[in-house]
Amino acid sequence: MANMPTTKSNPLAGFMRQPKIYVQLPSQGQYWPKGTLQMTENGEFPVFSMTARDELMFKTPDALLNGQSMVDVIQSCVPNIKNAWFCPTIDLDTILIAIRLATYGERLPLTHKIPNIDEEDEHELDLRLLLEQQRHNIWVEQVAISHDLVVFVKPLTYKHLAQTSLKSFETSRLLNAVNDESTSEEQKVAMFNESLQNLTKITVDLMSDAIYKIQTGETEVTDLKFISEFVNNVDKEIFQKIQDHISSLKERNDIKPLTFTTTEEQQALGAPASYTIPVNFNNSDFFG
Amino acid sequence: MRLLPLTISQIDEVVKEMEQEAKAIKKEIFKLAWFMRGSLSIDEAYQLTYEDREVISDIIKENLDMTKETGLPFF
Numbered sequence: 004m005a006n007m008p009t010t011k012s013n014p015l016a017g018f019m020r021q022p023k024i025y026v027q028l029p030s031q032g033q034y035w036p037k038g039t040l041q042m043t044e045n046g047e048f049p050v051f052s053m054t055a056r057d058e059l060m061f062k063t064p065d066a067l068l069n070g071q072s073m074v075d076v077i078q079s080c081v082p083n084i085k086n087a088w089f090c091p092t093i094d095l096d097t098i099l100i101a102i103r104l105a106t107y108g109e110r111l112p113l114t115h116k117i118p119n120i121d122e123e124d125e126h127e128l129d130l131r132l133l134l135e136q137q138r139h140n141i142w143v144e145q146v147a148i149s150h151d152l153v154v155f156v157k158p159l160t161y162k163h164l165a166q167t168s169l170k171s172f173e174t175s176r177l178l179n180a181v182n183d184e185s186t187s188e189e190q191k192v193a194m195f196n197e198s199l200q201n202l203t204k205i206t207v208d209l210m211s212d213a214i215y216k217i218q219t220g221e222t223e224v225t226d227l228k229f230i231s232e233f234v235n236n237v238d239k240e241i242f243q244k245i246q247d248h249i250s251s252l253k254e255r256n257d258i259k260p261l262t263f264t265t266t267e268e269q270q271a272l273g274a275p276a277s278y279t280i281p282v283n284f285n286n287s288d289f290f291g
Numbered sequence: 002m003r004l005l006p007l008t009i010s011q012i013d014e015v016v017k018e019m020e021q022e023a024k025a026i027k028k029e030i031f032k033l034a035w036f037m038r039g040s041l042s043i044d045e046a047y048q049l050t051y052e053d054r055e056v057i058s059d060i061i062k063e064n065l066d067m068t069k070e071t072g073l074p075f076f
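Same order as they appear, the protein sequences are chains H and W.
Residue 167 in our numbering sits at position 164 of the first sequence, with consecutive numbering throughout.
Residue 10 in our numbering sits at position 9 of the second sequence, with consecutive numbering throughout.
There could be a bad hint or two in this list.
[Claimed, not checked] If you want a taste of the chain H side facing chain W, the calculated C-beta under 10 Å gives, among others:
#1 Lys23
#2 Gln27
#3 Pro49
#4 Phe51
#5 Arg56
#6 Asp57
#7 Glu58
#8 Phe61
#9 Lys62
#10 Thr63
#11 Pro64
#12 Leu67
#13 Gln71
#14 Ala105
#15 Gly108
The set of hints was computed from the structure by calculation and includes no laboratory data.
The beta carbon of each residue, even a glycine, is placed where N, CA and C say it ideally should be.
Start from the sequences, fold in the hints, and give me the full structure.
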């Protein structure tokens, strides 16, 4: 009988964290660069609870701002993810919901203010339902601009998202400085122009990062330098068409806001009959 | 991401809030290690999950209550 390959298991394994749940990623592992995700046989990935050390990472403001804490916690809780900076954004919410669920359980308490009146409402969200919704996230790569021009887009990575957020943050700081009374008019104009240029650059850069291939007739362009040049010089209509396509996918995949109805008493005080509350996964609220 | 629309003073508040929360977690960790009387190192305590910490806290509370009820010395 041929010798079967044996895997030496770690004798300390029984003392280690055990996976709490298994999740499928909406991307099915697509869009993850080679070496950043270790695939499993059945496409389901084990998710572990956060440790106290992980929880502390989410309480480190600087690491939160530059995205490092998110990356460290994801890699700690989903060990198959080897480099979370390259996590496609369509998988991000699924991973975060799964980590929250594995750590604190399936119920997410939400407190929100009822519009127009000084009252708060409490609600519990079932994260299992949210996770199920996320499984139906889709990505459509092709944007047909014309019969001989097709643009192929991929989801952005967490790295793009973190960099963009940081740039937006710096720009909004700059815009705040414009309103400062001690700044001269000349400086204000210069700062305003700089912010505007930054914002335009962010939009154009995001678009360039999202496009990975352009097909024109029989020719396929994959050189990122050419793609970047195309995005920087393309006419507004084409740019808008690509942007609309990405925005519609984002809107479709985003977690839908929750709709609440109010009582007659609350309506008498000025509250609307119904209102919506966005579900945000900011670290402070979501990870308690 | 939530810091984006905030003013400097609001960011300052969020940072202080986080510092307090981090301190609370550290205090819990050190408390667990102290009550476990050397059977749990600080490093091991940092590796505990939220659920593990809840379970150990419950055991500690049960032991403290039992000690009080029986009048046996605890410290």
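Hints and how they fare:
{"no.": "1", "hint": "Lys23", "in the structure": "holds (8 Å)"}
{"no.": "2", "hint": "Gln27", "in the structure": "violated (23 Å)"}
{"no.": "3", "hint": "Pro49", "in the structure": "violated (14 Å)"}
{"no.": "4", "hint": "Phe51", "in the structure": "holds (8 Å)"}
{"no.": "5", "hint": "Arg56", "in the structure": "holds (5 Å)"}
{"no.": "6", "hint": "Asp57", "in the structure": "holds (9 Å)"}
{"no.": "7", "hint": "Glu58", "in the structure": "holds (6 Å)"}
{"no.": "8", "hint": "Phe61", "in the structure": "holds (8 Å)"}
{"no.": "9", "hint": "Lys62", "in the structure": "holds (4 Å)"}
{"no.": "10", "hint": "Thr63", "in the structure": "holds (7 Å)"}
{"no.": "11", "hint": "Pro64", "in the structure": "holds (5 Å)"}
{"no.": "12", "hint": "Leu67", "in the structure": "holds (8 Å)"}
{"no.": "13", "hint": "Gln71", "in the structure": "violated (14 Å)"}
{"no.": "14", "hint": "Ala105", "in the structure": "holds (8 Å)"}
{"no.": "15", "hint": "Gly108", "in the structure": "holds (8 Å)"}
Of the numbered hints given earlier, the model fails hints 2, 3 and 13; all others are met.
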